[in-house]
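*Asks:* Residue-level listing of the chains:
2 protein chains.
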Amino acid sequence: MTESGKPILYSYFRSSCSWRVRIALALKGIDYETVPINLIKDGGQQFSKDFQALNPMKQVPALKIDGITIHQSLAIIEYLEETRPTPRLLPQDPKKRASVRMISDLIAGGIQPLQNLSVLKQVGEEFQLTWAQNAIISGFNALEQILQSTAGTYCVGDEVTMADLCLVPQVANAERFKVDCTPYPTISSINKRLLVLEAFQVTHPCRQPDTPTELRA
Amino acid sequence: MTESGKPILYSYFRSSCSWRVRIALALKGIDYETVPINLIKDGGQQFSKDFQALNPMKQVPALKIDGITIHQSLAIIEYLEETRPTPRLLPQDPKKRASVRMISDLIAGGIQPLQNLSVLKQVGEEFQLTWAQNAIISGFNALEQILQSTAGTYCVGDEVTMADLCLVPQVANAERFKVDCTPYPTISSINKRLLVLEAFQVTHPCRQPDTPTELRA
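The listed protein sequences derive, respectively, from chains A and B. Just so it is clear: in the first sequence, position 194 is 194 by full-length UniProt numbering, and no numbers are missing. Just so it is clear: in the second sequence, position 207 is 207 by full-length UniProt numbering, and no numbers are missing.
Possibly wrong hints are sitting among the right ones.
Said to hold, decoys possible - Reference listing, derived: stretches of chain A covered by chain B, where coverage requires no fewer than 3 residues with Cβ under 8 Å from a Cβ of chain B:
#1 50-63
#2 76-88
#3 95-102
#4 106-115
#5 129-143
By construction, these hints were calculated from the structure, which means they are not laboratory data. Note that CB positions come from ideal geometry on N, CA and C, so glycine has one too.
All chains should be built: construct the whole structure from the sequences, respecting the hints.
*Replies:* Here's what the structure looks like:
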């Protein structure tokens, strides 16, 4: 927390996992300060001693709140949900909650980790794009099918849930890696409906304190 | 559910994600039937049409329960926790719950996806071992540091939690990939204390209905 008692979010404008948390904070109306961690500059600021002390996984996001530091985006969102329950990001019905967590975990555990910066570095420049595309396409093939039975206006029914907080940043990654999203009409139309919501707009990578001028919108 | 109303777990004896769920079911005393999905035989039974209809991600575990099918191991465990709360696998205190989820997500999202079968296939036989070892070592370096501040008898305090259900199968993977665990005394000693518990014993990969005879113990 800052001296003023505000939570501090360690974030990178383009990190899809950071974006998930920014949306949760925005939806719940939680005022916070951003400390940008540039994952590229100086060989990656996440590798600094200071940041490693904060998150030994050397990843963003990390959130300082209520006297603790939490990392892992879904763990952060679940904590916010339990301590700041309004508006809720998990439905009341346990079966629908299971759908939300299933979709969130599919993206956060089954797609994003395979196409994040540190993994792509290991893959080597020549194969990076195909590798990332394969991970996203394989995940989206499954996700499109799952959403056909869970979706209403959004991923699960008609309320914005944690699953939507994972979907939009992942679609942005797909676009960045030039994945053709036409085979995914359900994913695409939910994404479109979410992107117009204020909480998704103000937290967009093109509007962060650390967004480079040439990428601002 | 079977005709007898029992939940059905689609599982593979060696899958670390399936093992997580088997421990949860055992701890909570939930009687279930196992349908083995052999990830190697016939080019991988997870790719069959029937199984894809059940889980489009083509992964185990999947659990049929209460009229729904859930995949993603942590989503399954959270559902079991919400619908069968005793004994609890998440502490009551929200800050401790955050620690449990942070550790679980670190393993389930930050380590396991990088060393699972389908990714190793893409990496190619020559690099598989080093790739898997790197993923585990990088995750365990962080995990060891985190556990030093959260652990009691087990990963978070003195009660068995979801984090422990992730830890033990991941240490088994580390051993399978010949990772030297001496730099991780906290991980190793928690793992040792957990392995003697009945729920971890009966669900062990060497004691499953689909464990090949030569690997049984």
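*Asks:* Kindly indicate which numbered hints from before are broken by the structure, ordering the numbers from low to high.
*Replies:* none
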